[in-house]
Amino acid sequence: MLKQRLEAANDVARKLVEAERAIENAIAATGVLAGALAQGQAKVGLSAVAADPAYSNLAVSFAGLFQAHANMVALHKELEMIKDAIGLRNFRIEGTGDAAKILRPTGGNDRADPTAQVA
Numbered sequence: 001m002l003k004q005r006l007e008a009a010n011d012v013a014r015k016l017v018e019a020e021r022a023i024e025n026a027i028a029a030t031g032v033l034a035g036a037l038a039q040g041q042a043k044v045g046l047s048a049v050a051a052d053p054a055y056s057n058l059a060v061s062f063a064g065l066f067q068a069h070a071n072m073v074a075l076h077k078e079l080e081m082i083k084d085a086i087g088l089r090n091f092r093i094e095g096t097g098d099a100a101k102i103l104r105p106t107g108g109n110d111r112a113d114p115t116a117q118v119a
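The opening position of the sequence shown corresponds to residue 1 in the UniProt record's numbering, with each subsequent residue numbered one higher.
Mixed in with the good hints, there may be bad ones.
Unchecked claim - Calculated pairs, EDC-like style, for lysine to aspartate or glutamate (alpha carbon to alpha carbon, straight line, at most 16 angstroms):
#1 K3 / E78
#2 K83 / D11
#3 K15 / E80
#4 K15 / E78
#5 K83 / E7
No wet-lab data here; the hints were simulated from the structure.
With these hints in hand, go ahead and build the complete structure from the sequences.
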């Protein structure tokens, strides 16, 4: 039973990370689109009045993507609570990208001076 829960949790975690990355990639692509829209407007001499509806739609698209990102973060937190509830609190779930939060840090710089400059 534990093996099945762990396999299911790992499968969900991998798919969650894929979905989160897809949203972040969409945000980045929409940012590139915003730049291209402004450059295209300037290149053809389109007035701000004429371009405004396009920018409004772009803003709504951005807002939707940022809301989707926030919802995925909330889902991530909810799934973390479910993971604990099904007895996997002390198990590392693959694909989450958050392993550093649950694994104790090791290494020579644990006591390093936090004000030191990195070369």
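Outcome of the hint check:
Using a Cα cut-off of 16 angstroms, the hinted pair K3 and E78 is violated, with the two alpha carbons roughly 21 angstroms apart. Proposed proximity of K83 and D11 is supported: the alpha carbons are some 12 angstroms apart, at most 16 angstroms. At most 16 angstroms may separate the alpha-carbon atoms for a hinted pair to count; K15 and E80 meet this at roughly 14 angstroms. Taken as a hint, the K15 and E78 pair is honoured in the structure, with Cα atoms around 15 angstroms apart against an allowance of 16 angstroms.
Between K83 and E7, the direct Cα distance comes to roughly 12 angstroms. Compliance with the 16 angstroms bound is thereby established for this hinted pair.
In this structure, only the earlier hint numbered 1 is contradicted, and the remaining ones agree with it.
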